[in-house]
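Using the numbering used here, read the sequence shown as starting at 8 and increasing by one per residue.
Mixed in with the good hints there might be a few duds.
Across the chosen pairs, the derived CB separations fall in these ranges [unchecked claim]:
hint, residue 1, residue 2, range
1, R243, N532, 13 to 23 Å
2, V151, A50, 23 to 33 Å
3, R244, A544, 45 to 55 Å
By construction, these hints were calculated from the structure, which means they are not laboratory data.
Note that beta-carbon positions come from the ideal geometry of N, C-alpha and C, so glycine has one too.
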Amino acid sequence: MGLNFIRAALLTTDVQGAVFLTLWLILQALLFALGLVNYHYTALYSQARALLGWSLVVARASALVLHVDIAFILFPVCRTFISILRSTPLGRVVPFDRSVVFHKLCAYSILVFSLVHTFAHYANYAKLVRANPDGPSFAYYCFVSGPGLTGHIMLLALLLMTLTSLNWVKKSHFETFWYTHHLFLVFFGGFTIHGGFCLVKPDTGTCGNMASFWKYWVASGVLYLTERILRDVRARRKTVIAKVVQHPSNTVEVQINKDFWRAKAGQYIFLNCPEISLHQWHPFTLTSAPEEKFLSVHVRVAGDWTRQFAERLGCKVVDRRAPATGAQEKARGIGSLEPRVPMTPTTPNASGHLFPPGQLAPRPLPQVLVDGPFGCASEDVFNYEVAVLIGAGIGVTPFASVLKSIWYRTNAPLGKSRLRKVYFMWIARDKESFEWFQSLLKAIENEDVNQFIEIRTYLTGRLNQDEMRNVMLNDEEGQEDALTGLKSPTYYGRPNWDQTFSQLSRAHPSTDIGVFFCGPKRLNNLLSTQCKKQNLAATDGAHFFYNKENF
């Protein structure tokens with residue numbers, strides 16, 4: 008599992024990420040090697056080493072690596088801190104956008120060296136039992152003694168956190184992942200006292216700094232705790248949902264008044280709806296531009312929480328697996344659901360009733376809590392001369408904000424930017440997916456007289472006979488596209504990426520081209536590989552910089 012993750016990370020990252028990953032793996036190897044050499048030759052453990060041999064050396068060396076890994080693992084999840092750092096010159100050197108990947112690397116390393124540490128101690132326990140047959144049993148050392156009991160509690164917590172963080176578990180049972188991940192408190196607590204039981208005593212007879220784990224995690228722990236408190240205070244500020252729009256393909260747009268937030272194009276926020284769950288926070292990319300007076304997100308109904316949220320907002324969720332009725336077909340159209348009553352009325356009417364007799368009070372829209380915004384790759388679009396924005400399905404949402412901001416800047420320039428050409432490519436499986444983004448793309452086409460933005464839409468799903476007949480009848484040369492209503496034609500099937508990237512390279516020689524993608528993992532691997540391939544083959548100076556959205 009860990010080897011597959013590392014292999015995938017090496018194959019799909021750019022030069023900056025590959026260098027960072029390689030350095031991290033070298034650091035792990037050097038730490039373990041340093042521990043092996045130190046505990047093999049140090050005079051402090053000569054008696055214990057004579058009794059236990061290689062298993063003592065391996066157990067202590069793996070513990071050294073664990074101390075360092077656990078000291079780092081909390082830093083990548085300090086999202087506010089990472090967002091600040093990525094906007095500094097240090098962001099050009101360190102791949103902060105891959106903080107989640109680095110968190111996983113630390114986790115896999117902790118799992119591997121925890122298992123090494125555990126099995127090395129199993130060997131130690133067996134040797135202690137052989138050396139003293141009348142003493143404690145092997146089971147006592149494992150499950151009763153202080154080191155054994157705390158060690159197995161930590162290992163169980165670690166295994167549960169690792170297994171529930173697998174992608175297939177996280178996608179289908181997010182609540183399980185979320186709550187189980189808080190077992191890190193158990194793990195940290197156990198590790199803090201684990202060494203203090205002093206199973207293996209040094210020759211001096213005292214443990215000294217054996218229980219010194221807290222010194223390693225205190226810096227990251229204080230930073231993480233401080234950020235969590237600040238984020239919780241920030242998230243408790245009162246928010247008001249200004250508008251709800253139901254789009255096709257079970258997509259709901261939520262617009263929130265932004266009285267406190269200042270966001271950049273392409274950033275993301277976490278949303279919580281206390282009426283559904285007090286503790287579940289879900290990430291959503293902002294689809295509003297910084298120039299707009301509200302924050303907006305597009306929520307695709309794809310699970311229990313999103314379904315409950317959409318229904319609580321008053322939207323009718325269509326079960327796409329069931330045959331569509333007339334009412335469901337109507338629900339697939341674009342309709343605006345304005346807030347029915349922001350607050351329950353408190354002024355009685357002439358008859359003394361809050362509402363006419365027999366009329367129920369309208370249910371107000373729910374309260375939502377907002378945490379963020381946080382920085383991600385898409386906000387770097389304006390740092391390149393040419394930007395290629397590629398979205399697959401609902402993965403197009405980060406680029407809604409970026410395209411809106413580009414549109415505002417083009418019509419009312421707010422400052423200089425390196426950006427001089429944008430290619431927007433949207434890949435969708437069904438034609439209904441194009442509809443909720445249609446109005447924005449139409450506005451961009453109508454205002455973009457200099458063709459600053461080039462739009463390409465790709466439909467990968469099949470059309471039925473009626474849909475094909477409608478396309479042939481309405482898709483006339485020089486007219487709007489029958490599926491999207493745009494001047495730009497819709498391409499049927501998947502893009503030919505070799506041809507696409509070759510054309511981009513020829514069209515923009517000696518140019519820094521930023522490629523931004525949000526979508527499924529398989530396409531992410533393909534695009535990352537394609538950028539590397541073009542950079543190796545390019546002879547005209549064009550260079551592709553690949554950026555992937557990570558949450």
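For R244 and A544, compare the CB-CB distance with the range 45 to 55 Å and indicate the outcome. holds (51 Å)
Should the hint that V151 and A50 are 23 to 33 Å apart at their CB atoms be regarded as holding? Once the Cβ atoms are compared, 32 Å apart, the range 23 to 33 Å for A50 and V151 holds.
Between R243 and N532, does the beta-carbon spacing fit 13 to 23 Å? violated (40 Å)
The structure fails to meet hint 1 from the earlier list, while all remaining hints are met.
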